[in-house]
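Using the sequences provided together with the hints, build the complete structure.
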Amino acid sequence: MAKVETGLKYAETHEWVKVEGEFAFIGISDYAQHELGDVVYVDLPAEGEYITKGEDFGAVESTKAASDLIAPVSGTVEEVNTALDDTPELLNEDPYTNWMLKVKLADAAELDSLMDAAAYEAFCG
Amino acid sequence: MHPYIPHTPDDIRKMLDTVGMKSLDDLYADVPQEYIYKGDYDLPDAMSEDEIRRFFEDLATRNVKMTCFAGQGWYDHCTPSVIPYLTQRSEFLTAYTPYQPEISQGTLRYIFEFQSMVCALTGLEVSNASMYDGPTAAAEAVRMAVASTRKKDVVLIASTLLPQVKEVVRTYASYSGTVIEEIAEAEGQTSFEALAAALASGRVAGVMVPNVNRYGIIEDHTGFADAVHAAGALFIEYCDPSTLAVLKSPAEWGADVAVGDGQSLGIPLCYGGPTLGFMACKKDYLRKLPGRIVGATTDRDGKRCFVLTLQAREQHIRRDKATSNICSNQSLMALWVTIYLSLLGPKGLVDVNERSSASAHYLCDQLLATGRFTPVSDKPFLKEFALDYKGDAHALHKALADKGILAGVVIGDHRICFAVTEKRTREEIDCLIKAIKKAAL
Amino acid sequence: MRYYDHLIFDYSKPGRKGYTLPKAAAPATSTAVPEGLRRSSAPALPEVSEVDVVRHYTNLSQMNFGVDTGFYPLGSCTMKYNPKINEEIAALPAFAAIHPLQPVATVQGVQAVYRGMEQMLSAITGMSYFTLNPCAGAHGELTGLMIMRAYHRSRGDMGRTKVIVPDSAHGTNPASAAVCGLDVVVVKSNADGLVDVEDLKPLLGPDLAGIMMTNPNTLGLFERDIKQIAALVHEAGGLLYYDGANMNPLIGKVRPGDMGFDIMHLNLHKSFSTPHGGGGPGSGPVGVAAFLKDCLPYPHTDVQPHGDLSLVTPAKTAGRVSAHMGNFGVILRAYAWLLTIGRQHVREVGPIATLNANYVKELLRDAYKLPIPSVCKHEFVFDGLINDGSREGKEGATTLDVAKRLLDFGFHAPTIYFPLLFHQALMIEPTETESKETLDAFISIMHRIAAEAAEDPDILHAAPHACPISRPDDTTAAKHPVINWNDLQAE
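Chains as they are written, first to last, in the numbering used here: chain A, 1 to 125; chain B, 126 to 566; chain C, 567 to 1057.
Treat the hints as calculated values from the structure; they're not laboratory data.
Virtual Cβ for every residue (Gly too), placed ideally from N, Cα, C.
Heads up, some of the hints might be wrong.
Footprint (simulated), chain B over chain C, 3 or more residues, beta carbon under 8 Å [said to hold, decoys possible]:
#1 640 to 653
#2 887 to 900
DEER-style ranges, computed between Cβ atoms [as the list claims (entries may be wrong)]:
#3 Ala598(C) to Thr52(A): 53 to 63 Å
#4 Asp56(A) to Ala1028(C): 37 to 47 Å
#5 Lys882(C) to Glu78(A): 33 to 43 Å
#6 Ala598(C) to Glu78(A): 50 to 60 Å
Laid out in structure tokens, this is it:
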């Protein structure tokens, strides 16, 4: 059974968002990493780029699959977790500690359309 | 009964019984009757092997055998007999793409060797398992440049590239929305000033120039890479791989990507195909590289082995987001080239270039001495050179063709490009010179 | 197969060589390349003898499995027997030594091959014209889509940028569409595994360039509603593209041109018997209906009034798609095959291929899950084992395990995990060149593997046992790419 961390917001495309003031951290859920299998590469945008809710901002690759990352919120990329460059397996080991991007939120109201932990757990069935 | 279809009538009956059908037609009961083809197939009568042999030998008499002085990207170099012998081994020839690494280590290892040799020749760090041919590899390099530099839509290509390369690049680009602009030439080579001016638009994603151009001239790309990189674009060298034994490598010119056609590495002309395209790049662009890539790893018992890797870039996983749609490439030709490069080694490849070059210079000097030609440029060349002819180039070419000599390729009403490889003997070269002297001006 | 752990570089020793060259035709004078254009150090190629080369590549070949080694039921790849006379024809010097820019008047024999192939392929498929310039199936798809776009453009119909692709399609379809600058829209399959016409209807509109289909589809099923689909797509102003990867069961029976397809490609390295060469060279001719003749790529072979063959550029050409005229050597091989088959045997190809597939399917459905039981064409899909042996504390055997175990018995594995519609997909295509005895042997081994799985799935988990290597570590290979000799030495 995939772990769903409480206190986070989730998208139907299995990204999570953790809000800290005007910033948000973005990662993928335990369910997502489990579906992908061994992650071998993470393709992320550069600092300063703008990501738009609902559009893809990168991709996660395993040996036999690749999955687009869909932005759960819009905003400017403040920081990228560069540890994932050399050790993408961190996403398998702990997908909630190992965030991908820190973005400056463009519109906090976008968070309302995301699921809370309970709703996401039900969504994953 | 046919030798390739082993079913006896009894086999067919038994098998139909098993699947619960009365006739072979029943297997198509789900196909609307109107689509079952009932007409005659307009095909020749089936032939025996001897008849087929005779059929093609007859067809072959309609081709004129010619002594080849033509180049323009396709060269009549020598082919060691070991190569066709080994590449015809059916374990290589009749295998599919190495999807099951446990029973495909032969294919996977030679592709790894091929990649290593392409890296050695180009000086770049990464190579794929091959593309269809040089021009399509060039078109893919253009795609790669656009994909690697967001929001830029122009790719500059040298006007001195081979026409086939430019035309395939333009074809691909016209459908993907990439704008192709040509960089003008000056004195037979890509003009640095024209390049610098074109880069100023800020829209340039990539720049492609030939190491040896359509006039046979060895291009000098001093300063190109810095200018291209300063504009935030990828620098792509289109190369004749054979010449890389002696000429500055793409890496030495500062290229990010190198592409070209492997035909000059001992592949027979065969009317232009099959050859192979090659594509190498800096490690930074590894994930943007199209096509198959083989990597080393270990199996579960720790044995060294090889697999298709980084497959998440490819069409069968990424579908419309793949780096390219390519799947089958020219694998057996990669084996061909790998064996060629193994046999020749670094010294052999230099030998091939030096002998071809010496013969080409001899021919060039002799042709100029006839007084009928003038040089197009005084720039250095290896095995191919362009001359302007005082008379009608087409008429001269035709007159020599009638004598069984393929006197280069006519690239203008008064301009011919001649190529000479190590395969041409002194007698053949002198015969060409004599025939030209005799031809009506 | 014996494990052999060498690369050609292992044999390198300075001073060795494996070649001889003709004696120099001219003295090496004044030919030196100026310093600034010269390479600074020699490329790191091996220096080996001819014997080293012959032994090394012979050893490598012995770790490979080909159609000549044994049964190769790889779904969607049509691994039929590759006749040997074809190889002899392709090597004839009168063809192999011809420069692609030799004047067309001096290569009438070559051009007759192109012309003859075009006519024979048209006869088999019901299309009107073919280009033989594309070098592989995916290249043919791309060329076909370019023709589609060139057609719309030639009519000033610039807004048609959408192409519909079924969810069961080969991955190349959407990839080719994307390379051609088209937006891909997916149409769903219905419960029978066929294109859902109701799902298709709302996708049709003035932005539609066309639809790409393969028929039979990747599940080996004939798209029965093709007539209605063709009418709907044509009504919306779109064109129908036929992916010829699955043409084999239709050879001698059904012609795509008669089903309303406007453009199609063929894989000469599948249905027309040319060898796959470990991943090419192939050949992907593209056929078109008569109204698309002007959109074909150039150069194209045409007949002059006096009978000579010439090369032309069609008026609204899609462009130049390869250096010259594709993989001529492959085209020669396919031509030889067509002459061997001839009008007398062409009607046997598709039906026997279809019989073989249905025979295997029928005799294995007691052990493997058959999600779609209806009559198949040249191939069919199982969705894993019926009894995978899973139990408390023990993982069941997967499709991957079945595939690996098959290798132990001298069979190539089927295509696995495709199509994506089924999680444990195992796609089997026997082709017409396999005898009943070969199929029976395969069926018997597949039953044995199923029995092993039921008894102890670990037997399968541990497979293959009899190959030079077993289950390479793909994850490490992808995470830390070691992709040339330099990388390997640095390890």
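Quick rundown of the hints versus the structure:
no., hint, in the structure
1, 640 to 653, "holds (count 9)"
2, 887 to 900, "holds (count 11)"
3, Ala598(C) to Thr52(A): 53 to 63 Å, "58 Å, holds"
4, Asp56(A) to Ala1028(C): 37 to 47 Å, "40 Å, holds"
5, Lys882(C) to Glu78(A): 33 to 43 Å, "51 Å, violated"
6, Ala598(C) to Glu78(A): 50 to 60 Å, "57 Å, holds"
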